[in-house]
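Participant: Here is what each chain is made of, one letter per residue.
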Amino acid sequence: MSLPCGTRNYNYAEDMGIVRTKTHWVLLIAFLVILFTAPLYFGNYWLGVFNLIGITLIAAIGLNILVGYCGQLSIGHAGFIAVGAYTAAILTNRLEMPFLVGLIGAGVVSGLIGIIFGLPSVRVKGFYLAITTIAAQFIIIWVINHWSLTGGFVGIKVPYASIGGLVFRSESSQFYLIIIIAALCVFFAKNLARTKVGRAFIAIRDNDLAAEVMGVNLLYYKLLAFFIGCFFAGIAGALLAHWIGFLNAEQFSFTESILYVGMIIIGGLGTSIGPIFGVIFIRILQQLLTMELVPFLESTFTNFPAGFATGVTPMLFGLVIVLFLILEPRGLAHRWALFKSAYRLWPFSY
Amino acid sequence: MAELLQFVITGLSVGMVYSLIALGFVLVWKSSSVANLALGQIVLISSWFTYSMLAQAELPVYIAFPLVVLFAMFLGWVIERFALRPLIAQPILSLIAVTLGIGYFIEGVITFIWPWSVDALPRLFPREVIHIGPAVISQEYVWVIVICLVVFVLLTVFFRYHKMGIAMRATADDQMAVQACGIPVTRVFSTSWMFACCVAAIGGILISSIGGITHGLVETGLKAFSVVILGGLDSFAGAIIAGPIIGLAESLGGGYLTPYIWAGVKDIIPFVIIIIVMCIKPYGLFGEERIERI
Numbered sequence: 229m230s231l232p233c234g235t236r237n238y239n240y241a242e243d244m245g246i247v248r249t250k251t252h253w254v255l256l257i258a259f260l261v262i263l264f265t266a267p268l269y270f271g272n273y274w275l276g277v278f279n280l281i282g283i284t285l286i287a288a289i290g291l292n293i294l295v296g297y298c299g300q301l302s303i304g305h306a307g308f309i310a311v312g313a314y315t316a317a318i319l320t321n322r323l324e325m326p327f328l329v330g331l332i333g334a335g336v337v338s339g340l341i342g343i344i345f346g347l348p349s350v351r352v353k354g355f356y357l358a359i360t361t362i363a364a365q366f367i368i369i370w371v372i373n374h375w376s377l378t379g380g381f382v383g384i385k386v387p388y389a390s391i392g393g394l395v396f397r398s399e400s401s402q403f404y405l406i407i408i409i410a411a412l413c414v415f416f417a418k419n420l421a422r423t424k425v426g427r428a429f430i431a432i433r434d435n436d437l438a439a440e441v442m443g444v445n446l447l448y449y450k451l452l453a454f455f456i457g458c459f460f461a462g463i464a465g466a467l468l469a470h471w472i473g474f475l476n477a478e479q480f481s482f483t484e485s486i487l488y489v490g491m492i493i494i495g496g497l498g499t500s501i502g503p504i505f506g507v508i509f510i511r512i513l514q515q516l517l518t519m520e521l522v523p524f525l526e527s528t529f530t531n532f533p534a535g536f537a538t539g540v541t542p543m544l545f546g547l548v549i550v551l552f553l554i555l556e557p558r559g560l561a562h563r564w565a566l567f568k569s570a571y572r573l574w575p576f577s578y
Numbered sequence: 048m049a050e051l052l053q054f055v056i057t058g059l060s061v062g063m064v065y066s067l068i069a070l071g072f073v074l075v076w077k078s079s080s081v082a083n084l085a086l087g088q089i090v091l092i093s094s095w096f097t098y099s100m101l102a103q104a105e106l107p108v109y110i111a112f113p114l115v116v117l118f119a120m121f122l123g124w125v126i127e128r129f130a131l132r133p134l135i136a137q138p139i140l141s142l143i144a145v146t147l148g149i150g151y152f153i154e155g156v157i158t159f160i161w162p163w164s165v166d167a168l169p170r171l172f173p174r175e176v177i178h179i180g181p182a183v184i185s186q187e188y189v190w191v192i193v194i195c196l197v198v199f200v201l202l203t204v205f206f207r208y209h210k211m212g213i214a215m216r217a218t219a220d221d222q223m224a225v226q227a228c229g230i231p232v233t234r235v236f237s238t239s240w241m242f243a244c245c246v247a248a249i250g251g252i253l254i255s256s257i258g259g260i261t262h263g264l265v266e267t268g269l270k271a272f273s274v275v276i277l278g279g280l281d282s283f284a285g286a287i288i289a290g291p292i293i294g295l296a297e298s299l300g301g302g303y304l305t306p307y308i309w310a311g312v313k314d315i316i317p318f319v320i321i322i323i324v325m326c327i328k329p330y331g332l333f334g335e336e337r338i339e340r341i
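Protein chains in written order, with our numbering: chain A, 229 to 578; chain B, 48 to 341.
Some clues are possibly wrong.
[Unchecked claim] In the DSSO-like style, the derived pairs of lysine-lysine whose C-alpha atoms are separated by at most 30 Å in a straight line are: (1) A:K353 to A:K424; (2) A:K418 to A:K568; (3) A:K418 to A:K353; (4) B:K210 to A:K353; (5) A:K353 to B:K313; (6) A:K424 to A:K250; (7) A:K424 to A:K568; (8) B:K210 to B:K77; (9) B:K328 to B:K77; (10) A:K385 to B:K313; (11) A:K353 to B:K77; (12) A:K568 to A:K250.
To be clear, the hints were calculated from the coordinates, so they are not data collected in a lab.
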């Protein structure tokens, strides 16, 4: 890690520190203050968008650990989110458990399902694993649609989240709930990458055979990656369930899974800041397209068949994913790193 | 008995279509080791294009069909030239993700042009039913089987005798050696994409002539992956043999299991087969097991 001029390491703890200089601290605290006072400046509409971003971020961080760090390609992430969402819904609605039990239960159940579908990863990788996770997605959605416990095609209602007597009913209270959990997840993911586990993941990603020869237990770490990735997905699903208040398998389609892969690619695989950029980019773009561009196109070109403009969103998303892969495969995180180093060195070029 | 025969015939014909679509995948995988996950969307858009030619432009079949083939070839060429060519020798993750992106894009295009999302192709095959023993089967299924067999034979002949076919087999075998022999590998890649889209388009027309054009065709394309997995990723014979197996499993399972499990179990059988094959024999029946060196 490159440091500003004059900042030196005197011991190992300093060397490992994430937040190093006074400027870092100031920026971090200022960012957190702005984040936590956001409900003061934004209306309900934008808070809703932020909530969605926060929920998506948690799931994307999980996927980034699985795909970006451990290299186990998963294209069924929406399925695992669905598992979490429905677990939370069943626990809180049908069994009337408290919210926190539902939240943790959703994570654990989702993680266990992830381990089951991750089992083939011990023997296969790459495309085979991608297909397995696609199959997982379809099987999960099918079970949800047909099991009486999940409400099937009709859907299931989910009560508001509540801790003790505190009920998270308004957008702003849910914003705090979601943002705190999202921040914890970001913190966890950032630190995970620096631990033994994180380094084992990276070794597996770079070459799993070499990692095995070096003494990394492939079975354990691959399944652990699946567990962590799907645990995050489950947490995100539970929050999504309580936030929307109503679940239907339509919300967890295969295209949503592709979108998650797109997000972490656009953000930058295997970086801690990547998912944040990717999620914000995709969700804001989605919001702008569906709220602004699509109604505009629909009202301007009335002689086209109805509903044509909804195709614009997937078209642009597909295009963005393809263009990022071709032109900037390291994602927005790479651009951010370039910007930071340029800023640090300014006015010199190196 | 009549029921069984009916299930077998429908299963075989749907399985043959899966084989066709899977062949499209295997073609691309063998020549350029790109996993084409946009197959479902390619199937869907070619069916819609056929619909436009036949029902909207009201062209006769003998003009419409060559146009569809041309369109599919063009689609394959565009995808290879503008999305895959810049990514040659990239890690498998980018290659898979880029085809996912293409699929997403094509889905948008489909919604953009044909937003009503469900329609039926005009009748391609005669309407009368056939009686085979006690079973009553609509003629389409038999036609589908016949057309699939014809396409298989054509492809086999092409790969055995045509110069490009031989070049494609050679590229699948050893890319470096082929390049050293002066065979333009990039042209082989784009030809394989054109062929793949063509075959997928034919499969799409056949299956949508039976079941109509719905978004479910994307799922059909994905189900074809179970054929690829069962047969082995790099085996033409595997794809041709595994297709009917999957089709039979789907139709027999759907026919006999539905009373015992939830409805719609038919749609899930290929995916369950994928998981089972992955756990037991991940490289499929005829696939070549890759042995890696560090």
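Participant: What are the numbers of the hints the structure violates, in ascending order?
Facilitator: 4
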